[in-house]
Amino acid sequence: MPEQLLYATEVMLNGLMAGVMYSLVALGFVLIFKASGIFNYAQGVLALFAALTLVGLQNGQVPFAHMINAVFGTHVAEFGWQLPAVVAIALTALVMVGLAVLIEKLVLKHLVSQAPIILFMATIGLAYFLEGLGDVMWGADIKKLDVGLPQGISETIESVTDSLFGYGFFIDNLDIVATVVAVVLVSALTIFSQYSKQGRALRAVADDHQAALSVGISLRFIWVLVWSIAGFVALVAGIMWGTKSGVQFSLSLIALKALPVLMLGGFTSIPGAIVGGLIIGVGEKLFDFFVGPMIGGATENWFAYMLALIFLVFRPQGLFGEKIIERV
Amino acid sequence: MNAKSAGHTTADGRKIGGVLMEMKNITLRFGGVTAIKDISFDIREGEIRAIIGPNGAGKSSMLNVISGFYVPTEGEVWFKGYKRGPMKPYQVARLGIARTFQNIALFDGMSVLDNIMTGRLTMMKSGLLSQALWIGNAEKEEHAHREKVEKIIDFLEIQNIRKTPVGRLPYGLKKRVELARALAAEPKLLLLDEPMAGMNVEEKEDMSRFVLDVNDEFGTTIALIEHDMGVVMDLSDRVVVMDYGKKIGDGTPDEVRNNQDVIDAYLGVAHD
Ligand SMILES: Nc1ncnc2c1ncn2[C@@H]1O[C@H](COP(=O)(O)OP(=O)(O)OP(=O)(O)O)[C@@H](O)[C@H]1O
Ligand SMILES: [Mg+2]
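Just so you know, the protein sequences line up as chains A and B, in that order. Okay, so the first sequence: first residue is -5 according to my numbering, each after it adds one. Okay, so the second sequence: first residue is 23 according to my numbering, each after it adds one.
Excised from the complex, chain A in its bound form (with noise of 0.2 angstroms):
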């Protein structure tokens, strides 16, 4: 019996980390939702968009190259340099904020004061956009992403674990890197909207446009900057994932893993997406390692949006979002 604890608190701190990549995602879109309104369905794909470019960059590739080669009859592949990791994720983020710009530029600004719902349209069509704009860029094949992070079973942790419970835990490598990450992402974010000028504006927009209006905050550069933020942290999260199952276009499916996670942590809630995506990582493994076996396994397809189903039923607003009531 007490093995059988050690090892439902192995698969409780494998789902730990797990959770941590979908609260980053979710993250993305609480961000964007607090200060707009809108709901990001491109996220997932934003995530993906910057872990192919990421790699793109790195290993040299030319953008564009199956286009050029069959237009110009050339075989243009790669550029023949390999980037420092740093700089190819500098360069990464840098493309992210331009796409926050170009964003703002083309769709939003045209489509102030429509209709949540139009807003909504508009961003699947981005989301549609950016897929075969990666696809273009950088080709449709599975990559391998290696920015140096530490991968594999973390030998300390197994021996350590050994000799205190006569057991060792699993525990790989780069979920506890992706783990420390972010929580220094969630940190620096909370300091910068708590502390600066900028964090001040956005928590203002994000709390009411007309009155930040009144005080000088021009909505537009908010916006740019907001999704120049849930550009990074979808960086972020696409160097995570990435690093782990290799740079894929099922990559953006993770974006509806996020979904389940917003209506358990509310759509405006930091903290909520955080805890939202730890209970959800846990939640399911530990469903499938107690219940799994007794109905046939492969509960984790599932098991996020059933609760989230119950989770509407009976608090709709989510854990922390605010409760709604209609103003009569």
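One thing to keep in mind: the hints can contain errors.
[To be verified] Below are the PhoX-like pairs computed for lysine-lysine, each with C-alpha atoms no more than 25 angstroms apart in a straight line:
no., chain 1, residue 1, chain 2, residue 2
1, B, 173, B, 37
2, B, 210, B, 196
3, B, 162, B, 147
4, B, 210, B, 102
5, A, 103, A, 28
6, A, 138, A, 28
7, B, 210, B, 170
8, B, 185, A, 28
9, A, 137, A, 238
10, A, 28, B, 110
11, A, 103, B, 110
12, B, 196, A, 28
13, B, 110, A, 99
14, B, 46, B, 102
15, B, 37, B, 102
[Claimed, not checked] If you anchor each label on the Cβ, the simulated ranges turn out as follows:
no., chain 1, residue 1, chain 2, residue 2, range
16, B, 165, A, 265, 27 to 33 angstroms
17, B, 125, A, 112, 21 to 27 angstroms
18, B, 231, A, 95, 45 to 51 angstroms
FYI, nobody ran anything at the bench for these hints, they're computed from the structure. Since we're looking at a predicted model, the values are computed, not measured. Where a beta carbon is used, it is the ideal one built from N, C-alpha and C, also for glycine.
Given chain A, work out where chain B with the ligands should sit, using these hints.
Positioned in the frame of chain A, the structure of chain B with the ligands alone reads:
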């Protein structure tokens, strides 16, 4: 009175200067509704200018035109002697025009102090990075802004609610916090849309005193919309009267009070 004259001193010793803001032939249409019909008036430096009129007369619309929330269909807006091009509300705010809203627009999730601090956002200089890292001048600057804000808090007598989330305040206090936030921007021109609406007599008296003090101590020019005639007559130097989008009177409180069109509008005489 000559609009171009250098100014004069009021009976109670306040200095009224030259024209600060001039609205020229403003018309504003929403589809079929004409909210403002060809209205012109000016606001002089240092004065308290009231805009009055029955419900739906177009008063808030006029304030929204001044603050850039509405773009006039026709007409020109002049500020400090320059014609103002089409401007976004945040750009107008940065010119030194602060405002409050008829329906109160505060940041409900923030404390009173944070709300008022947002009024100074556009005056903060430290760059993104030094702010984020809290180095260099960022801390010193923050303190300077805090000091100014604390002065305003003292001035409006809201020390005891500094840390309270604004969403929990009663209506009257919310209006006061909104005024505080507008004042924090140290505006040249302050626009108040019904600052005393929905208040009891005592709250109204407080608010009237604050409006007068702001004008007197800081020399802030004020344009306000108000329904309470007693308040308007007490506070304002000059009054614009609107009805059905048209200007039907403009002058000192006494002149306006004796204007037949104004009396008719308020007594509900049939319109042609
Ligand atoms: N954004 C808008 N869209 C359409 N019509 C508008 C808009 N804003 C104002 N109006 C119309 O313009 C007219 C004037 O409205 P406004 O709010 O300026 O009146 P008001 O004098 O401030 O009235 P009150 O004393 O009730 O506040 C009204 O007929 C109103 O319905
Ligand atoms: Mg009004």
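Residue 28 (chain A) and residue 110 (chain B): Cα distance at most 25 angstroms? holds (22 angstroms)
Under the criterion that the straight-line Cα-Cα distance not exceed 25 angstroms, is the pair residue 210 (chain B), residue 170 (chain B) satisfied? Holds: residue 210 (chain B) and residue 170 (chain B) sit about 16 angstroms apart, inside 25 angstroms.
Do the alpha carbons of residue 173 (chain B) and residue 37 (chain B) lie within 25 angstroms of each other, as the hint requires? holds (24 angstroms)
Measure nothing beyond the straight line between the CA atoms of residue 137 (chain A) and residue 238 (chain A); if it is 25 angstroms or shorter, mark the hint as holding. holds (11 angstroms)
Hint check for residue 265 (chain A) and residue 165 (chain B) - Cβ pair distance inside 27 to 33 angstroms: At 29 angstroms between Cβs, range holds.
Residue 103 (chain A) and residue 110 (chain B) were given as a pair; does the straight-line alpha-carbon distance stay at or below 25 angstroms? Cα-Cα ~13 angstroms, so holds.
Compare the distance between the alpha carbons of residue 162 (chain B) and residue 147 (chain B) with 25 angstroms, and conclude whether the hinted pair is satisfied. Holds. Residue 162 (chain B) to residue 147 (chain B) sits at ~11 angstroms (cutoff 25 angstroms).
For the pair we were handed, residue 210 (chain B) and residue 196 (chain B), check the Cα-Cα distance against 25 angstroms. holds (23 angstroms)
Taking 25 angstroms as the top limit, are the C-alpha atoms of residue 196 (chain B) and residue 28 (chain A) close enough? holds (23 angstroms)
Given pair status - residue 28 (chain A), residue 138 (chain A), alpha carbons within 25 angstroms: violated (34 angstroms)
If you draw a straight line from the CA of residue 210 (chain B) to the CA of residue 102 (chain B), is it 25 angstroms or shorter? Between residue 210 (chain B) and residue 102 (chain B) the Cα gap is close to 10 angstroms, so the pair holds against 25 angstroms.
With 21 to 27 angstroms as the target window, see if residue 125 (chain B) and residue 112 (chain A) comply at their CB atoms. Roughly 25 angstroms apart at Cβ, these two residues keep to the hinted range, so it holds.
Of the numbered hints listed earlier, the single one contradicted by the structure is hint 6.
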